[in-house]
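Take these sequences, add in the hints, and give me the full structure.
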Amino acid sequence: MKRRHSEPLQQGDEVRYASGDWHVDEMMATHYAAGTVSDAVAWSLEKHTENCGNCATTVSAAVRARKDTARVLADVRSTLLGALPPQGAISHRVFSHPQPRHTRLLCRAIWAAGPALRGAWVVAVLLVCAGAVSLAYGADFTGARPLLLALAPLLPLAGVALSYGPSADPVHEITLATPSGGLRLLLTRCVAVLAVSLPLLTAAGAIVPNQSGAPGPATWLLPGLALTAGCLGLGSYIGCSIAAGLLAGVWSLTMLVPVLLATRRGDGVHPESALTEQLARVVSGTGQQSGWAAAAALCAVLVLLRRHAFDVEPRSPRAPHQ
Amino acid sequence: MNFLENPVNALSITGLTVRHRRTIALDAVDLDFGSGVHGLLGPNGAGKTSLIRVLATVARPFAGHVEFLGRPLSGHRELSAARRRLGYLPQDFGYYPGFSVRDFVAYVAWLKEMPGAETGRAVERAVARVGLTDRIDTKMKTLSGGMVRRVGIAQAIVNDPAVLLLDEPTAGLDPEQRVEFRALLRELGEEGTTVVVSTHLVEDVAAACTEVTLIENGTVAYRGTPDSLAALGERWEDEAFAGSPIERGYAAALRLRRSGAAAQEAGR
Numbered sequence: 001m002k003r004r005h006s007e008p009l010q011q012g013d014e015v016r017y018a019s020g021d022w023h024v025d026e027m028m029a030t031h032y033a034a035g036t037v038s039d040a041v042a043w044s045l046e047k048h049t050e051n052c053g054n055c056a057t058t059v060s061a062a063v064r065a066r067k068d069t070a071r072v073l074a075d076v077r078s079t080l081l082g083a084l085p086p087q088g089a090i091s092h093r094v095f096s097h098p099q100p101r102h103t104r105l106l107c108r109a110i111w112a113a114g115p116a117l118r119g120a121w122v123v124a125v126l127l128v129c130a131g132a133v134s135l136a137y138g139a140d141f142t143g144a145r146p147l148l149l150a151l152a153p154l155l156p157l158a159g160v161a162l163s164y165g166p167s168a169d170p171v172h173e174i175t176l177a178t179p180s181g182g183l184r185l186l187l188t189r190c191v192a193v194l195a196v197s198l199p200l201l202t203a204a205g206a207i208v209p210n211q212s213g214a215p216g217p218a219t220w221l222l223p224g225l226a227l228t229a230g231c232l233g234l235g236s237y238i239g240c241s242i243a244a245g246l247l248a249g250v251w252s253l254t255m256l257v258p259v260l261l262a263t264r265r266g267d268g269v270h271p272e273s274a275l276t277e278q279l280a281r282v283v284s285g286t287g288q289q290s291g292w293a294a295a296a297a298l299c300a301v302l303v304l305l306r307r308h309a310f311d312v313e314p315r316s317p318r319a320p321h322q
Numbered sequence: 001m002n003f004l005e006n007p008v009n010a011l012s013i014t015g016l017t018v019r020h021r022r023t024i025a026l027d028a029v030d031l032d033f034g035s036g037v038h039g040l041l042g043p044n045g046a047g048k049t050s051l052i053r054v055l056a057t058v059a060r061p062f063a064g065h066v067e068f069l070g071r072p073l074s075g076h077r078e079l080s081a082a083r084r085r086l087g088y089l090p091q092d093f094g095y096y097p098g099f100s101v102r103d104f105v106a107y108v109a110w111l112k113e114m115p116g117a118e119t120g121r122a123v124e125r126a127v128a129r130v131g132l133t134d135r136i137d138t139k140m141k142t143l144s145g146g147m148v149r150r151v152g153i154a155q156a157i158v159n160d161p162a163v164l165l166l167d168e169p170t171a172g173l174d175p176e177q178r179v180e181f182r183a184l185l186r187e188l189g190e191e192g193t194t195v196v197v198s199t200h201l202v203e204d205v206a207a208a209c210t211e212v213t214l215i216e217n218g219t220v221a222y223r224g225t226p227d228s229l230a231a232l233g234e235r236w237e238d239e240a241f242a243g244s245p246i247e248r249g250y251a252a253a254l255r256l257r258r259s260g261a262a263a264q265e266a267g268r
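One line per chain: the protein sequences are A and B, in this order.
Residues 1 to 322, numbered by the numbering used here, are exactly what the first sequence covers, in order.
Residues 1 to 268, numbered by the numbering used here, are exactly what the second sequence covers, in order.
Do not rely on the hints blindly, as some may be mistaken.
What the hints assert, rightly or not - With the C-beta cut set under 7 angstroms, the calculated list includes, among others, these residues of chain A facing chain B: (1) 170; (2) 171; (3) 175; (4) 178; (5) 311; (6) 312.
Said to hold, decoys possible - Taking beta-carbon pairs under 10 angstroms as the criterion, some of the chain A residues facing chain B (in silico): (7) 107; (8) 139; (9) 180.
Hint data in this document are derived by calculation from the structure and do not stem from the laboratory.
C-beta: ideal position from N, C-alpha, C; glycine also.
Here you go:
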């Protein structure tokens with residue numbers, strides 16, 4: 001702690017107190033206790049007694065010798081001791097953060113989860129889940145399960161795209177200049193997105209009745225993971241938002257093209273059964289699932305190899321103002 | 001917190017070249033910044049933001065080296081170490097509208113890996129230094145533009161950075177806030193922080209900076225103190241050019257540079 005040395009000591013014999021080569025005598029201590037010394041002398045005395053034990057004792061004795069001061073001091077002491085909580089309770093109530101620990105951890109977790117979990121994305125996930133369930137039960141729509149399975153892998157992709165990157169995160173530029181920015185923040189947000197979307201969408205899939213022989217409600221998990229990991233891997237080259245868009249496009253086309261072809265042929269195949277068939281081709285069966293698992297693992301390795309690409313902006317999305 | 005005794009310059013740049021596609025934003029720039037407040041002046045598009053973004057470790061240079069507190073910014077570990085000691089206010093920055101001022105600054109403190117026990121107090125101190133203590137629990141979306149920028153300054157200084165990079169921090173501040181901000185800059189400089197502040201307001205430099213660097217067209221056009229720049233302006237007094245000496249100095253340095261005579265004049 002830096003202290004100011006140049007207290008105003010300009011005139012008369014006050015100057016000698018500034019030199020440091022002096023001590024407090026009885027008379028001065030008595031005057032100080034009575035409050036009859038000048039400010040400059042009082043300051044010098046206070047400064048001096050910080051480092052000089054003998055003089056501190058002298059001053060202390062002089063102050064205690066005055067009955068009025070002694071009584072005030074005793075009063076303050078007893079009042080203060082009465083008002084204080086028992087020892088140990090102080091550190092939590094007074095000195096630490098006012099919030100309890102678990103609330104703080106929850107806040108941290110939501111912060112780390114970033115923008116997607118607070119915004120429209122959560123609403124979108126809930127809408128897709130609620131939509132599938134209500135279509136199946138309310139409208140007796142037999143294609144609810146395949147539709148949900150076809151849409152589900154897109155949602156984590158959208159979550160990642162909305163969580164990280166210069167176009168998605170308004171604070172991106174600031175986060176990138178911090179040690180937690182880059183890949184670590186991206187992964188944190190990715191995990192948060194998956195932690196919300198995987199259970200919700202899978203649970204919705206399990207609730208929806210399976211009338212058309214569509215694949216099981218958990219079959220989308222590995223494709224979903226592989227696409228998300230692919231988004232990170234590809235994102236290390238072209239940025240996560242564009243990567244997510246590309247992969248979402250590829251997945252949507254894979255699902256839509258057979259359906260459109262079936263409708264175009266007009267041979268009486270329902271769009272939902274065309275979608276069910278296509279889903280079965282892409283996700284059902286051990287071969288397909290192992291394929292998706294391998295893809296997810298490969299993409300994870302790619303992310304690991306490319307981890308330093310996230311240290312700075314993967315690309316320059318816009319020419320910055322200069 | 002005092003780095004004055006450190007003989008190494010906090011920032012040392014050699015041969016720095018930054019490109020945006022085909023245009024060259026910075027062309028083989030050599031610069032050193034020690035503790036104190038350094039003003040970065042220059043016309044729009046001169047390369048100030050490009051320089052600050054490279055120093056902030058956000059953008060990768062096309063060529064050249066940056067040493068941060070005596071260490072090259074080579075690997076991931078060095079980058080993380082530098083980022084812990086860094087404060088950065090981008091020219092354009094966003095925020096999460098639902099966050100309060102305290103949340104926002106604390107979030108950045110958390111990203112900067114500050115110990116949790118210190119964060120609360122550091123946040124309050126940083127917010128107090130930009131004069132927003134009475135708004136600390138206000139939602140960001142209800143703040144005025146000038147207040148948002150002050151919150152931006154608070155998040156930059158929350159970790160008591162050794163190197164503080166501010167890109168156009170006075171944009172959107174009213175004259176009174178600007179005066180207070182300059183006092184804060186001087187205080188930070190006296191504490192031994194290396195402050196690099198880009199601005200297009202010459203009076204910011206005159207009032208707050210110990211050194212001035214003029215960037216023009218991707219190169220260093222002038223280096224000196226605000227006084228030496230003002231002295232350069234004195235020589236152009238006969239010209240029909242209104243303004244303070246330092247503004248005349250700014251114009252003179254640019255003109256000298258453009259006329260090609262600056263090679264001798266650029267204070268080296």
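Consistency of the hints with the structure:
1. 170: Given a least distance of 2 angstroms, the restraint on residue 170 of chain A holds.
2. 171: holds, 6 angstroms
3. 175: Holds - the Cβ of residue 175 of chain A comes within 7 angstroms of chain B, reaching about 6 angstroms at its closest.
4. 178: holds, 4 angstroms
5. 311: holds, 6 angstroms
6. 312: holds, 5 angstroms
7. 107: holds, 8 angstroms
8. 139: violated, 36 angstroms
9. 180: Since the shortest Cβ distance to chain B is 4 angstroms, the answer is holds.
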